[in-house]
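> Sequence:
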Amino acid sequence: MTTQQQDGAWSEPGPQQDWQQHYPPHSEQHQQGYGDQQSYGDQQSYGDQQAYGYQQPYAGQQHIPHQYYARPRTDDSDVEYYVPEYTVVEPEPEPEPGYVLPDVPVSAWSVDNSRSAWISRGALVLILLVQAGLSFRLDGSAFPQEAKFLMSDGELSGLVSQLGLAGARALSLAWALGATALLFGATRLLFNARAGLAAAAMYSVLESTAFTGRYASLHSLSLFLLAAALWLLARTRQASPAAVLLAAPFAALAPFAAYAAALYLPTLTVLAVLTAYRFRGAGAFGRGALFAAATGALCFAGVQLAGTPSGWNVQSTDSALELLKESAQWGGVVLLVAVIGAVGFIRRARMGEMPWAEGTAPGAIRRSLLGLTMCATALLAPLYQAWLGNGSSLYVHVGFGLLFAVPMAGLGVSRMMGAHFRYPQIGIMIYVAALVIGMAQTRELYRPPDSAAMIGALREVVDTKGEYLTDDPEISAYYLRAHTKPDQWHQAERGPALAAAVKKGSYDAIVLRADSVPEALRGNANYRLLALLRPSDKDGGQEPYRIWVKQ
1 MTTQQQDGAW
11 SEPGPQQDWQ
21 QHYPPHSEQH
31 QQGYGDQQSY
41 GDQQSYGDQQ
51 AYGYQQPYAG
61 QQHIPHQYYA
71 RPRTDDSDVE
81 YYVPEYTVVE
91 PEPEPEPGYV
101 LPDVPVSAWS
111 VDNSRSAWIS
121 RGALVLILLV
131 QAGLSFRLDG
141 SAFPQEAKFL
151 MSDGELSGLV
161 SQLGLAGARA
171 LSLAWALGAT
181 ALLFGATRLL
191 FNARAGLAAA
201 AMYSVLESTA
211 FTGRYASLHS
221 LSLFLLAAAL
231 WLLARTRQAS
241 PAAVLLAAPF
251 AALAPFAAYA
261 AALYLPTLTV
271 LAVLTAYRFR
281 GAGAFGRGAL
291 FAAATGALCF
301 AGVQLAGTPS
311 GWNVQSTDSA
321 LELLKESAQW
331 GGVVLLVAVI
341 GAVGFIRRAR
351 MGEMPWAEGT
361 APGAIRRSLL
371 GLTMCATALL
381 APLYQAWLGN
391 GSSLYVHVGF
401 GLLFAVPMAG
411 LGVSRMMGAH
421 FRYPQIGIMI
431 YVAALVIGMA
441 QTRELYRPPD
451 SAAMIGALRE
461 VVDTKGEYLT
471 DDPEISAYYL
481 RAHTKPDQWH
491 QAERGPALAA
501 AVKKGSYDAI
511 VLRADSVPEA
521 LRGNANYRLL
531 ALLRPSDKDG
541 GQEPYRIWVK
551 Q
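At position 122 of the sequence shown (counting the first as 1) the number is 122 in my numbering, and the numbers step up by one without a gap.
Hints are computed from structural coordinates only; laboratory data are not their basis. Glycine is no exception: its CB is placed at the ideal position from the N, C-alpha and C atoms. Treat the hints with caution; some may be incorrect.
[To be verified] Pairwise CB distance ranges, derived in the manner of DEER restraints:
id	residue 1	residue 2	range
1	519	137	40 to 46 Å
2	140	266	47 to 53 Å
3	289	98	28 to 34 Å
4	316	460	35 to 41 Å
5	289	315	31 to 37 Å
6	117	485	52 to 58 Å
7	281	137	24 to 30 Å
8	491	526	19 to 25 Å
9	238	91	42 to 48 Å
10	297	516	55 to 61 Å
11	544	306	36 to 42 Å
12	166	266	36 to 42 Å
13	266	98	21 to 27 Å
14	285	171	18 to 24 Å
[As the list claims (entries may be wrong)] Taking lysine to aspartate or glutamate and the EDC-like style, the derived pairs with C-alpha atoms no more than 16 Å apart in a straight line are:
id	residue 1	residue 2
15	538	467
16	485	463
17	504	515
18	485	450
19	550	467
20	550	463
21	503	450
22	465	493
23	503	493
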């Protein structure tokens, strides 16, 4: 080739042609080394070049020779390709990593650093706001038990009564929110933050949680004390066995706030052992014994000072089967998820997000005992009250057992969502189902007597000298405490007892909640009907108030 095509124009031979004379192009080397072949330009006879991807330059394209260098031909040696000399350079060593991944927590994928801690706290605040909203939506006049609590002579109740009904309910909500926060902390220490958030979310929407948050009593305080004891047991699981004494006062005080808490002291004792067994082995039994001894001593001292809490062994005639059925409605969803979590925890201690993670994990026996203890605790109150045949406040006492079962339910939700939140819709569906059920049940159970109209009518006819018979003496005594004394109000009976009281005529006013006029007051010349007050909520199932005054 004697000419070269550049940018569509023809140019004269130059230095490149001289270079090609000493170093022939690759096509010529092929022709010399591989025998009889036609010239470079004959594409039909040299079709193998096209099979190897070689193409001729077309008009308008610059020809760039292949950079295959060959030594000049000599008569004494064959054509050989030039092999350049080179020096192997050793690669530089990789720099040391700037950080090291920490050990994966038990059954967890997450690590507790400052960022994840603040995210967890923010999510917990949202959960607590939802819980406060569910409680605040409940409103109405005082329940008889609320009025009795605010009118009692106890030191704590007397202090709370200074706040009034609204203040006492706000204090109950504060204790309920504190219990949820402590529950999150305990579950995070036992398992991980994600399980803690799931546990707090499920516990915050239970009917018992919303109810106690808007109920002026010491039930929420008792739940707070139990949650504090549980958190301290988890917090001190790696500390000295003597540190367990910090949880003993909280556990011992809980039954004096609400007698149902006494059922859960054995559970706390078992958890004192199980939470520390992984770190101390057989020494954890000494920790449990120390906790049991300290709690028992404090309870004995409390009984000597304040007496035995009342109501814990009162028998009645309620159907045991019906009580168990109602308990399943109030806590069955959480207990089912807790069982799923316990089974998953027994089968595998860790989640599968980091299969290469190393480190010790609790054994299968300890995991089985922990799951069984937490799930079985939810059955204590239903079984005990079904045995007594007494359903008093069972809808509240169910929440005491669920306080211990919910951590395992949170772990169950975390496991069902899967590694890296693979199935978040499962957790969302469980939360929404628990929320809807809790809202419906709370609205059905939280129906205080519509006593505002009744109190307004009685305010005009009562004084500090009369005697009054009513179905709700606690409510009348509380709302009319500025006009009467508590001992002026007496509990009304039915049947012969009511007939005898009416015949005697010793009461200045009689207030009954009845759909119809009792036989003893029909056509009675000593009393006249003052008012018939129907409740504002016609679908609430409450009977109207009927007020008779002495003529």
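> Does each hint fit the structure? Answer for all of them.
Here is how each hint holds up against the structure:
no.: 1; hint: 519 to 137: 40 to 46 Å; in the structure: 41 Å, holds
no.: 2; hint: 140 to 266: 47 to 53 Å; in the structure: 37 Å, violated
no.: 3; hint: 289 to 98: 28 to 34 Å; in the structure: 47 Å, violated
no.: 4; hint: 316 to 460: 35 to 41 Å; in the structure: 38 Å, holds
no.: 5; hint: 289 to 315: 31 to 37 Å; in the structure: 33 Å, holds
no.: 6; hint: 117 to 485: 52 to 58 Å; in the structure: 55 Å, holds
no.: 7; hint: 281 to 137: 24 to 30 Å; in the structure: 49 Å, violated
no.: 8; hint: 491 to 526: 19 to 25 Å; in the structure: 20 Å, holds
no.: 9; hint: 238 to 91: 42 to 48 Å; in the structure: 45 Å, holds
no.: 10; hint: 297 to 516: 55 to 61 Å; in the structure: 56 Å, holds
no.: 11; hint: 544 to 306: 36 to 42 Å; in the structure: 40 Å, holds
no.: 12; hint: 166 to 266: 36 to 42 Å; in the structure: 37 Å, holds
no.: 13; hint: 266 to 98: 21 to 27 Å; in the structure: 50 Å, violated
no.: 14; hint: 285 to 171: 18 to 24 Å; in the structure: 39 Å, violated
no.: 15; hint: 538 to 467; in the structure: 31 Å, violated
no.: 16; hint: 485 to 463; in the structure: 9 Å, holds
no.: 17; hint: 504 to 515; in the structure: 24 Å, violated
no.: 18; hint: 485 to 450; in the structure: 22 Å, violated
no.: 19; hint: 550 to 467; in the structure: 11 Å, holds
no.: 20; hint: 550 to 463; in the structure: 14 Å, holds
no.: 21; hint: 503 to 450; in the structure: 29 Å, violated
no.: 22; hint: 465 to 493; in the structure: 22 Å, violated
no.: 23; hint: 503 to 493; in the structure: 14 Å, holds
Comparing the model with each numbered hint stated earlier shows that hints 2, 3, 7, 13, 14, 15, 17, 18, 21, 22 do not hold.
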